[in-house]
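Could you put together the complete structure from these sequences and hints?
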Amino acid sequence: MILMKDFVNWKIGGEAGYGILSVGVMFGKFCTRNGLFAFNSSEFPSLVRGGHNTVQLIVKKTPALSQYFEVNLLVALNAETIEKHLNELSSDAAIIFDGKEIDIKKYKTKKSHVLIDIPLTEIAVRHGKKIMRNTVSLGASIALLGLEFDKLEQLIKEAFAGKKDALIPINIAAAKEGFNFIKNRNIKFNYQLKEQKQKNHIFINANDAFSLGAVKSGLKFVAEYPMTPSSSILSFMAAHELQYDIVVKQTEDEIAAMNMIIGGGFAGARSLTATSGGGFSLMVEALGLAGMTETPAVVVESQRPGPSTGLPTMTEQGDLMFALNASQGEFPRMIIAPGDVTEAFEAGLNSFNFAEKYQLLVLVLLDKYISEGNTTVKEFDYSKFKINRGKLLTKAPKNYLRYAFTSDGISPRVLPGTLGTVYKANGDEHNEKGVSDESEENRIKMMNKRMKKLDVLKKELPEPKLYGDKNAKISLIAWGSTKGIILEAINELQKQKIKVNFLHYNYVFPLKEKKLLELIKKSKKVLLVENNMTSQFGKLIAQETGILFKNKLLKYTGRQFYPHEIVNAVRKLK
Amino acid sequence: MILMKDFVNWKIGGEAGYGILSVGVMFGKFCTRNGLFAFNSSEFPSLVRGGHNTVQLIVKKTPALSQYFEVNLLVALNAETIEKHLNELSSDAAIIFDGKEIDIKKYKTKKSHVLIDIPLTEIAVRHGKKIMRNTVSLGASIALLGLEFDKLEQLIKEAFAGKKDALIPINIAAAKEGFNFIKNRNIKFNYQLKEQKQKNHIFINANDAFSLGAVKSGLKFVAEYPMTPSSSILSFMAAHELQYDIVVKQTEDEIAAMNMIIGGGFAGARSLTATSGGGFSLMVEALGLAGMTETPAVVVESQRPGPSTGLPTMTEQGDLMFALNASQGEFPRMIIAPGDVTEAFEAGLNSFNFAEKYQLLVLVLLDKYISEGNTTVKEFDYSKFKINRGKLLTKAPKNYLRYAFTSDGISPRVLPGTLGTVYKANGDEHNEKGVSDESEENRIKMMNKRMKKLDVLKKELPEPKLYGDKNAKISLIAWGSTKGIILEAINELQKQKIKVNFLHYNYVFPLKEKKLLELIKKSKKVLLVENNMTSQFGKLIAQETGILFKNKLLKYTGRQFYPHEIVNAVRKLK
Amino acid sequence: MTELKDLNTKEIPTWCPGCGDFMILASIKKAVADMNLNPSEVVVVSGIGCSAGLPHWIETYGFHSIHGRAIPVATGIKLANHGLTVIVVSGDGDGYGIGLNHLIHAMRRNLDITFIGHNNQIYGLTLGQTSPTSTQGAKTVSTPHGSIETPINPLSLGLASGATFVARGYAGNTTQLTDLIVKGTKHRGFALIDVFQPCVTWNKINTFDFFKQRVYDLNSEKFNTSDLNAAFSRCQELGERIPTGLFYQTETDTYSDDLPQLKEKPLVKQNITNVDIKSVLNKYK
Amino acid sequence: MTELKDLNTKEIPTWCPGCGDFMILASIKKAVADMNLNPSEVVVVSGIGCSAGLPHWIETYGFHSIHGRAIPVATGIKLANHGLTVIVVSGDGDGYGIGLNHLIHAMRRNLDITFIGHNNQIYGLTLGQTSPTSTQGAKTVSTPHGSIETPINPLSLGLASGATFVARGYAGNTTQLTDLIVKGTKHRGFALIDVFQPCVTWNKINTFDFFKQRVYDLNSEKFNTSDLNAAFSRCQELGERIPTGLFYQTETDTYSDDLPQLKEKPLVKQNITNVDIKSVLNKYK
Ligand SMILES: Cc1ncc(C[n+]2csc(CCOP(=O)(O)OP(=O)(O)O)c2C)c(N)n1
Ligand SMILES: Cc1ncc(C[n+]2csc(CCOP(=O)(O)OP(=O)(O)O)c2C)c(N)n1
Ligand code: SF4
Ligand code: SF4
Ligand SMILES: [Mg+2]
Ligand SMILES: [Mg+2]
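Protein chains in written order, with numbering that gives the first Met the number 0: chain A, 0 to 573; chain B, 0 to 573; chain C, 0 to 284; chain D, 0 to 284.
Derived by calculation from the structure, the hints in this document are not laboratory data.
Treat each hint with caution, since some may be false.
As the list claims (entries may be wrong) - Cut-off 16 Å, straight-line C-alpha distance, at most; resulting in silico cross-link-like pairs (EDC-like, lysine to aspartate or glutamate):
id, chain 1, residue 1, chain 2, residue 2
1, B, Lys511, B, Glu439
2, C, Lys138, B, Glu240
3, D, Lys9, B, Glu431
4, A, Lys83, B, Glu240
5, A, Lys390, A, Glu378
6, A, Lys356, A, Asp407
7, B, Lys383, D, Asp275
8, B, Lys394, D, Asp275
9, B, Lys432, D, Glu10
Unchecked claim - The calculated label-pair distances, taken between Cβ atoms and stated as ranges, are:
id, chain 1, residue 1, chain 2, residue 2, range
10, D, Thr251, B, Leu418, 27 to 35 Å
11, A, Asp116, B, Gly389, 56 to 64 Å
12, A, Lys163, B, Leu391, 52 to 60 Å
13, C, Lys262, A, Thr544, 33 to 41 Å
Just so you know, even glycine gets a beta-carbon here, dropped at the ideal spot from N, CA and C.
Put into structure tokens, the structure is as follows:
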């Protein structure tokens, strides 16, 4: 008896310029509208066209939290796709390909594989252009998976509405032909999806989620220099600049971007820049200026594998220690590393509150995997969100001192333009007035004042979240984007009757260590999981607690983990 | 009975532009030629003229390893000097001042103080210019201390020889008059110095010592942008560029400087840049380029207190964690933090060997305190020094691969211009040939190859040096420039019959931990001493060993420790 | 009425006695008073250098930033609140060396900012190294055998970069300088004002005497300040006679003019509570 | 004899089909072959961008560095070994955006380096953002409502910065371009060669067609390439007719010429064993 499966891991491969990324997103949206959960991830080299590109989409009835290794439905737009990914196929997987272009016999497919030869190119060209093969194969895919066509038609309409209206009918026709091609044949495929009830979900990636949160929280100024994988924040903002009256400035470099948002923050506009490691390197000096002048600033750093240009379109969690220690001298900063798109939205929402309340630098660490990995999630809830600008005064008190010593280290702030007073923001060590002061007494007080803010902030922050079985004897520790992968792994382990729990850090610095210490005491085995080579979060924990991890699962191939890698590592622990 | 003392802590204070720094160096040289040991330190605000400047010089028969707090002879060129430093005076200290300008009665001097009213200005102006007060007071000082005049005459001749010949006789006359002024009065002063036998000592600071070492080791190219307290490396090199055929390039910024030395190192010239924290911030991106292309490069970072511009003319050990983690991604680097001028010379000598042998980035962390603190030391011994360029080939083997995988991670290198082959240096992840390669297999191998070099290097490095009583139950741990201060403190503690030992790290990263672990096991009390707020070396140790220090002595006033602060902290430990 | 004395600070400048920076400070104060600007609506932004201390000594808002970055900081301020008058003071190392890229891009953006370049042809604060504008052959602590580079000409770079107001002042002529600062500040768009500023401590070539013998007022003759090519040709005149004054001015939209986001009010005055993201969120459904 | 085929690499360019970069690569190869340079004595240095991939596809030494920093890397190489021929390839973002400061300072230094600016008026590799040379009004992913900045004019900046060789090529005319690269490389000093390079993927304004209709060869008329002011005025001609060719050339000492340290041999050829530091050490006694 064949067990029908109510999920699928779909993968499409071909050259860049084949419209692979866009079809992946469209499929994900399609699934979302069908009440299903989708998660997509992509892999492509650093080229504008050509090279080998793939997009993967896992679709399920329950929340899809990460990429999966085993592929169930492969759409091969070129032969390379089959060559490279044959080994990833489940034994009952299907391959959609164009027999006129790919000689399938050359590859060691299994008998159990479902080989579906469709004249993708012929259909695409007949309706329009070769690039439309992606639409044809999408139509075929949904038919194979047992889903209805109507929502796809609607999506195509929306995708091309406006400037590209002419593309609508031909794409619908092409998709429909792909759809019918399958429907007309009675193909047995083990993976069958069904429309589900839950609606009102969205399909979104962390860059867009963060951006939306930031807009909601009153962002007014964005200065950014493009850099993969952060660039879509720039284009998101540019696309919405008039709708929300945000000034979006593409700068001459990242030095300018960072210094501009310091100017913007000083003047009182909620200001943002976003970049990746290379650009962040150029912002380093200005980070200290924000620290010294206590100017609120929010910086997104979406990580990609270094050193240097490294693997510019791949993913890594390799910049934590860098972000933590960037810039000369010592000053407080906050680091948030959202684990999924919802936490990314919340980071967008809350970063500016933190930055203004504590008058400090907030660094948001994303990485390519979540910056570009779209996920189906519940619509974001921001009903309780309130703007908190901290000690921002609209009038200057008498004898106003911008850097007044206070018990919490936070000094009331007025903005330039406020009448009746003036003050200086100053990158040199300064007194309460902002005037340069080199005395030992003032130095200590000012250092203590600035650092004090970190203690206060730490108290306000929530402890990291514990997932899984509280009493499990195996604990996983991780931060940022590995969250969903580990959660999926825990599900799998549960099926295998292995109890684990998982402590995930979204707020990374200042480090809340209470729950961690408790957990480590209780657990028999602890596994640290990081997508880097030198276990950077492990180092941070060691600094703060003295704990060294015996067991570490580290991956530094430029790719994120798959859940099965976590599962295997945990099984080996036992 | 009055105990005569065979040392002195001399201090001169006045406004910038009063020739205070130069007279301090002249006095130090003078003492050195007298077979004595001197150590000088200075404190001045970030101004070109004006402000309150001081220079201190401790002179002893035995090696003078650090600044001291208690002042025995104060030369006050203005009233502020007395006001600010009265509290530092020993009860039997002398004050040299000009009664026509300073009303000494306004200050609470002690009866036991020796007040010496000399018409400094009148004498100076009579012989030349007011600025020559410094020379007059120097003449007076040496007379008071019981030293002979002749060596000073010689020094004045040398100082002005060449372009400023005319200044020689008038300065000698002025100094002589200051000298005679004291000689002609029978002033009792407890601090009396005597010429000693040992000769052939030099009086030098760490910037110059490093520079000399670098020149000796075949430095050919310097690209630097001026920044206090590293700028004197630039001027040293510029002054000697023709003598040693070194190309010295003042660049448009530090980004250019760092990238230029990468070009220079790639082409085969031993290349150097030097900066302080702010400039280092701008080099961050290029550090990773050096790492990824495995280009030898040596960077001096002379620390000053941050964040941002901070206290630009003061001192701090605040950039260790920054240096350790600067730039995106993960790659090997080496950090040396010389503890004194001799170690600075050795760093200059050896950095280029390390950089070329391991084809990596060598960071040398100095700070203002030693960069500008001149010390009397034995002439440097470089008799055993040999240039080691590592696996540098003059001819390309057949099928040459620049980034060939090897057991030690180091690939044989040919320079551009070598006939019969070509290759690419590449900041993208690349294969053995240097060509961009994004595969997982290559990525892991290349990351492992590069990191492997760190293991090999670590084996070659010496363990940190242990000073003091091996079996003491109290141990001090420190790195870099606190060395001499702690050694002086140990001497003092010994006198007080308190046994301590001291583990000093000159080679800071990769961290050698064997001796540290042994020591910590043996000692009852361990004190970590750092000139920063957040115990950065403590963090590094925690990362590598899990050890957290219960006892830390941290100073972050922008000034270095005095030995008595260490002594007090140790006594409190007991 | 803003009076000169309203602009005095408690702190006094720490420049060397006789430094040209004093005259530039005086001219800026005079200009601010002459224009009757409210000191609380003026922000003076600087980088690092002797010149960069200036914001401390004028009683307006100030931002003493980092080396070479005064312009991007000022740009952020101006974009966030274009109601403020934003003046950048910078040195020749700060503005024409490490920060030159920002200057050039600021000029082509034509944001309404006044840039005053304290051009002493030396690195003052770091004790006398060569600068991008140092004369060829200048012996400095970093070029003891003489500088071998062609100096930067800030004016010709300004003209080449699309600056809409290009002028040169001289610290020794505060009347002219004040006038240029007033004109530049009133100019709608970016004003580049390069100022010869003798450094009495380190620069023994380009002294007050040096300039006194050479400078003349370009605008005292019939010079057409709307002719770009003439201005370019004229600003190369750097020998025995050196022109000062306004070289070029043209009117065009400022950067802020072109931003519909700023039509109604400055960013900082906009209401940020209750931003409605519903419609955008719906696009992800 | 260096032949064209000697310069082919095993790897093939990954540019989009039809990209102007192919023609620039072909022209550089042709120029290297025409000058009969030994490929092992040539270093091609790039930053980051589509254009920056070029060193991978010419069989010489190469350095693929970081965004905007090709010039300082090349400067280090040239100073360390001025026997090498050093060619920099750069994009309009790389060279005229983030790296512009280095370019300007390199020009005034007049080091003997050839700079080839792949000017596609767009950020290619990062998928189509505006660039410093984008036409005003250009709609890009980062300026969906049209760019509002005056574009950079690399030639006028070159002339204002003291460049000694200023030229403009067009990827569609490889004969002229090859000739300019040969001339620029033979020129003793810094050669700025800006090249119109249509990006067929992102730039729908400045296409091959666009240029075909507009470009003409300045040197086919009697243009005086030693007249700085004429060159400045001419390079503003960017409307219906756009001049290409050599705009300006002048001979002066190169940076290396002025360094006595390099008279005998390049730094890398000098003996570094047995450096005698005794005499300097003695000064500290
Ligand atoms: C990134 C960085 N590099 C170097 C310095 C050191 N520094 C301080 S001022 C200065 C140059 C000053 O020259 P200039 O800009 O001409 O100003 P001036 O002092 O002559 O007015 C330098 C290099 C610094 N503060 N920051
Ligand atoms: C410091 C830094 N910032 C940003 C990037 C991302 N980036 C890569 S190429 C590029 C711009 C490419 O444009 P251009 O220089 O015009 O080259 P083209 O691709 O058009 O040839 C950018 C911004 C980077 N690699 N490094
Ligand atoms: S060093 Fe020169 S520029 Fe600086 S304050 Fe003194 S005179 Fe003025
Ligand atoms: S994106 Fe443009 S510049 Fe880049 S390779 Fe494609 S056509 Fe060429
Ligand atoms: Mg200057
Ligand atoms: Mg481009």
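Hints, one by one, checked against the model:
1. B:Lys511 x B:Glu439: Given that 16 Å is the threshold and the Cα spacing comes to 32 Å, the pair is violated.
2. C:Lys138 x B:Glu240: holds (14 Å)
3. D:Lys9 x B:Glu431: holds (14 Å)
4. A:Lys83 x B:Glu240: violated (57 Å)
5. A:Lys390 x A:Glu378: Answer violated: A:Lys390 to A:Glu378 is near 32 Å, above 16 Å.
6. A:Lys356 x A:Asp407: holds (11 Å)
7. B:Lys383 x D:Asp275: holds (14 Å)
8. B:Lys394 x D:Asp275: violated (29 Å)
9. B:Lys432 x D:Glu10: holds (11 Å)
10. D:Thr251 x B:Leu418: 27 to 35 Å: Check passed, 32 Å falls within 27 to 35 Å.
11. A:Asp116 x B:Gly389: 56 to 64 Å: holds (57 Å)
12. A:Lys163 x B:Leu391: 52 to 60 Å: Between A:Lys163 and B:Leu391, where Cβ atoms are some 58 Å apart, the hint holds.
13. C:Lys262 x A:Thr544: 33 to 41 Å: violated (54 Å)
Checked against the numbered hints above, the structure violates hints 1, 4, 5, 8, 13; every other hint is satisfied.
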